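A.B. asks: Take these sequences, add in the hints, and give me the full structure.
Note that the protein sequences, when read in sequence, are chains A and B.
Heads up, the first sequence is in our numbering, so the first residue is 1 and it goes up one at a time.
Heads up, the second sequence is in our numbering, so the first residue is 1 and it goes up one at a time.
To be clear, the hints were calculated from the coordinates, so they are not data collected in a lab.
For clarity, every value in this text was computed on a predicted model and none was experimentally measured.
Heads up, a few of these hints could be off.
[Stated by the list, open to error] Below 30 Å or equal to it, Euclidean Cα-Cα: the simulated BS3-like pairs (lysine-lysine) are:
{"id": "1", "chain 1": "B", "residue 1": "K326", "chain 2": "B", "residue 2": "K287"}
{"id": "2", "chain 1": "B", "residue 1": "K47", "chain 2": "B", "residue 2": "K70"}
{"id": "3", "chain 1": "B", "residue 1": "K326", "chain 2": "B", "residue 2": "K84"}
{"id": "4", "chain 1": "B", "residue 1": "K334", "chain 2": "B", "residue 2": "K306"}
{"id": "5", "chain 1": "B", "residue 1": "K84", "chain 2": "A", "residue 2": "K73"}
{"id": "6", "chain 1": "A", "residue 1": "K73", "chain 2": "B", "residue 2": "K68"}
{"id": "7", "chain 1": "B", "residue 1": "K342", "chain 2": "B", "residue 2": "K299"}
{"id": "8", "chain 1": "A", "residue 1": "K73", "chain 2": "B", "residue 2": "K65"}
{"id": "9", "chain 1": "B", "residue 1": "K111", "chain 2": "B", "residue 2": "K140"}
{"id": "10", "chain 1": "A", "residue 1": "K73", "chain 2": "B", "residue 2": "K181"}
{"id": "11", "chain 1": "B", "residue 1": "K179", "chain 2": "A", "residue 2": "K73"}
{"id": "12", "chain 1": "B", "residue 1": "K181", "chain 2": "B", "residue 2": "K234"}
{"id": "13", "chain 1": "B", "residue 1": "K70", "chain 2": "B", "residue 2": "K287"}
{"id": "14", "chain 1": "B", "residue 1": "K65", "chain 2": "B", "residue 2": "K334"}
{"id": "15", "chain 1": "B", "residue 1": "K286", "chain 2": "B", "residue 2": "K40"}
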Amino acid sequence: MESRGRQPVADVALQGGNIAVAEVADRGKVLQKLRMTDIGFRWLTRGAAIAVLLILGGIIVSLVWGSLEAIGKFGFGFLVTESWNPVTEQFGALSPIYGTIVTSIIAMVIAVPIGLFIALFLTELCPMFLRRPIGIAIELLAGIPSIIYGIWGLFVFAPFLQQHVQPFLINTLGNVPGIGGLFAGPPYGIGVLTAGLILAIMVLPFITSISRDVFSAVPPVLKEAAYGLGCTTWEVSRYVVLPFTRVGVIGGVMLGLGRALGETMAVTFVIGNAHRISASIMAPGTTISATIANEFTEAVEPIYTSSLILLGLILFAITFIVLACARLLLMRLNARVGA
Amino acid sequence: MKHWTVLAAAGLLAAAVSLPANAADISGAGASFPYPIYTKWADAYKKATGVGLNYQSIGSGGGIKQIKAKTVTFGASDAPLTGKDLDESGLVQFPMVMGGIVPVINVDGVKPGEVVLDGATLARIFMGDIKKWNDPAIAKLNAQVKLPDQAIAVVHRSDGSGTTFNFAYYLGETSAEWKSKVGVNTALQWPVGIGAKGNEGVANNVANTKGAIGYVEYAYALQNNLTHTNMINKAGKNVGPTAEAFQAAAANADWNSQPGYGVILANQPGDSSWPMTAATWILMYKKPADATAAAEALKFFDWSYKNGGKMADELHYVGMPDKVVKDIEAYWAKEVTDASGKPVYAVTN
Numbered sequence: 001m002e003s004r005g006r007q008p009v010a011d012v013a014l015q016g017g018n019i020a021v022a023e024v025a026d027r028g029k030v031l032q033k034l035r036m037t038d039i040g041f042r043w044l045t046r047g048a049a050i051a052v053l054l055i056l057g058g059i060i061v062s063l064v065w066g067s068l069e070a071i072g073k074f075g076f077g078f079l080v081t082e083s084w085n086p087v088t089e090q091f092g093a094l095s096p097i098y099g100t101i102v103t104s105i106i107a108m109v110i111a112v113p114i115g116l117f118i119a120l121f122l123t124e125l126c127p128m129f130l131r132r133p134i135g136i137a138i139e140l141l142a143g144i145p146s147i148i149y150g151i152w153g154l155f156v157f158a159p160f161l162q163q164h165v166q167p168f169l170i171n172t173l174g175n176v177p178g179i180g181g182l183f184a185g186p187p188y189g190i191g192v193l194t195a196g197l198i199l200a201i202m203v204l205p206f207i208t209s210i211s212r213d214v215f216s217a218v219p220p221v222l223k224e225a226a227y228g229l230g231c232t233t234w235e236v237s238r239y240v241v242l243p244f245t246r247v248g249v250i251g252g253v254m255l256g257l258g259r260a261l262g263e264t265m266a267v268t269f270v271i272g273n274a275h276r277i278s279a280s281i282m283a284p285g286t287t288i289s290a291t292i293a294n295e296f297t298e299a300v301e302p303i304y305t306s307s308l309i310l311l312g313l314i315l316f317a318i319t320f321i322v323l324a325c326a327r328l329l330l331m332r333l334n335a336r337v338g339a
Numbered sequence: 001m002k003h004w005t006v007l008a009a010a011g012l013l014a015a016a017v018s019l020p021a022n023a024a025d026i027s028g029a030g031a032s033f034p035y036p037i038y039t040k041w042a043d044a045y046k047k048a049t050g051v052g053l054n055y056q057s058i059g060s061g062g063g064i065k066q067i068k069a070k071t072v073t074f075g076a077s078d079a080p081l082t083g084k085d086l087d088e089s090g091l092v093q094f095p096m097v098m099g100g101i102v103p104v105i106n107v108d109g110v111k112p113g114e115v116v117l118d119g120a121t122l123a124r125i126f127m128g129d130i131k132k133w134n135d136p137a138i139a140k141l142n143a144q145v146k147l148p149d150q151a152i153a154v155v156h157r158s159d160g161s162g163t164t165f166n167f168a169y170y171l172g173e174t175s176a177e178w179k180s181k182v183g184v185n186t187a188l189q190w191p192v193g194i195g196a197k198g199n200e201g202v203a204n205n206v207a208n209t210k211g212a213i214g215y216v217e218y219a220y221a222l223q224n225n226l227t228h229t230n231m232i233n234k235a236g237k238n239v240g241p242t243a244e245a246f247q248a249a250a251a252n253a254d255w256n257s258q259p260g261y262g263v264i265l266a267n268q269p270g271d272s273s274w275p276m277t278a279a280t281w282i283l284m285y286k287k288p289a290d291a292t293a294a295a296e297a298l299k300f301f302d303w304s305y306k307n308g309g310k311m312a313d314e315l316h317y318v319g320m321p322d323k324v325v326k327d328i329e330a331y332w333a334k335e336v337t338d339a340s341g342k343p344v345y346a347v348t349n
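C.D. replies: Below is the structure:
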């Protein structure tokens, strides 16, 4: 063993046996085999990545193809028309677009602060023995199928809102000048607000678990230094943890927003499915995905089907715009910190 | 290891047993309204003959698309196709079973059948014209019932559905304003109210909302203990939703007035006819590509006409009148033929 001296590890491995003659040939063979595996692996991963692009491209092409008829008939007016009338075949996407955006805003306004608070509590303040149970509970929320949220929303949550929460909101906030219009109208139980609340519960686990993971990746030395300077827990969270993790946090928020925009089943059950734009968030509305889920099976006329596919294309575009805005936001934030 | 072998063997065995049965199954797709009764008939039929039914309840629109794409032996629809559409696509159409649609309400102190409405008033309620339960138009029809000063909350179907089609058709028949402003289709632009998914969604929302009114298939009103209203029918009589009233509507209809028996049973004449009775149709090819499969399907329909009445009653559907069935079966013999022009299925009585 000692006679070999300091040799590269690979050579030591190859010389492991006593067969001196076959050594050179074997080495070439082994290296060849390693190279082939690597080439195979490279193509496998490359193929998987290209497949994603092909599938995405295929979806876009088929959405555009399917919606050509509606684009031709309604043109740009489709985006700004509120009427959705299957009888006269006059279709406009304004109310589903409005509903999609408003429910998502309600969901994010509620879920983002709560999600961040839970994540900060879990990483900074929570006693060790409680961390796992709370963490698991949050993750279980993410595992519940959306149809369960829908049925629970319709049978349990909506009646509860109708009897206890909405009358209170109407009687208090409904009289406040300025925002009163948002909380006007009869308490139906289901409607835009209920859909937003259900969505908030559904996106909470995404925001919480991603924020928790990035928060716990903050180097302890940074936090300890801040505490050493006399910072409060709030100041450490606000000025050390959040700035350090903002890319991850925004990523989590965007993931949640993506789910809120596209969520179908749970929303369909509780939004009230009315093609109307109302000032009040208590009133029934509809979203793009709920409209498609409700009406696609019975849409016989080609222009009806085509309009529904065009709605799908619009949702696709909205999601793309939201993601692009998130990227821009991150780039600007990074540029500001860099400068 | 041993467990895996046993499991695999069991799986193979199951596959071997189930495959031949599947191969001979009748395939159909369409309306969800008759789905419960079709499955019930299919169960009994399979016990009697060994032939099963694979019915996908994907909605009437889906059923029409599937039969036109020739992926199924029969399609099923709650809204009949027009004669022109049938001719263009080479399809035959016949009604299979009927049911009733009832208005359901949630007003404190009102018992089922106590409140009576007519088509014009119902249309005005669903257009948002009548906003309170103590409106003079409702009070005029219900002199003996004290209705509260309560807002009416309208609940309708959010998904496209044959129930909506039949309901809207009836409102259109009785109210010119409804016909011109809202119209008739499986999905509508509703002037007021909230949309709920499926019969169960409407039933649940009506049950939960004080002052609500909705429309559901009769079976759902019974299952959910909802308060139905009576209706004033075309003859001006006050009728309640019963199997007899649905049958009366079918018996009084002129089935041959439309190609493919495409008669909508809403607002039929007769003293005891329920005005919102609805039939559901089967669509098949006149010259089916697979004559054997078409024959199997017709055999199942024939069996269901003859043996399915009691099962239909249990689920609160109504079977077709005997006279109409005889007519339909004669129509099969004439229209549904193989390449050589011979009927694919001969009805034996």
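A.B. asks: Next step is simple, just say for each hint if it's right about the structure.
C.D. replies: Consistency of the hints with the structure:
| no. | hint | in the structure |
| --- | --- | --- |
| 1 | K326(B) x K287(B) | 21 Å, holds |
| 2 | K47(B) x K70(B) | 28 Å, holds |
| 3 | K326(B) x K84(B) | 24 Å, holds |
| 4 | K334(B) x K306(B) | 20 Å, holds |
| 5 | K84(B) x K73(A) | 25 Å, holds |
| 6 | K73(A) x K68(B) | 25 Å, holds |
| 7 | K342(B) x K299(B) | 16 Å, holds |
| 8 | K73(A) x K65(B) | 22 Å, holds |
| 9 | K111(B) x K140(B) | 18 Å, holds |
| 10 | K73(A) x K181(B) | 22 Å, holds |
| 11 | K179(B) x K73(A) | 25 Å, holds |
| 12 | K181(B) x K234(B) | 22 Å, holds |
| 13 | K70(B) x K287(B) | 12 Å, holds |
| 14 | K65(B) x K334(B) | 25 Å, holds |
| 15 | K286(B) x K40(B) | 27 Å, holds |
In this structure, none of the earlier numbered hints is contradicted; all agree with it.
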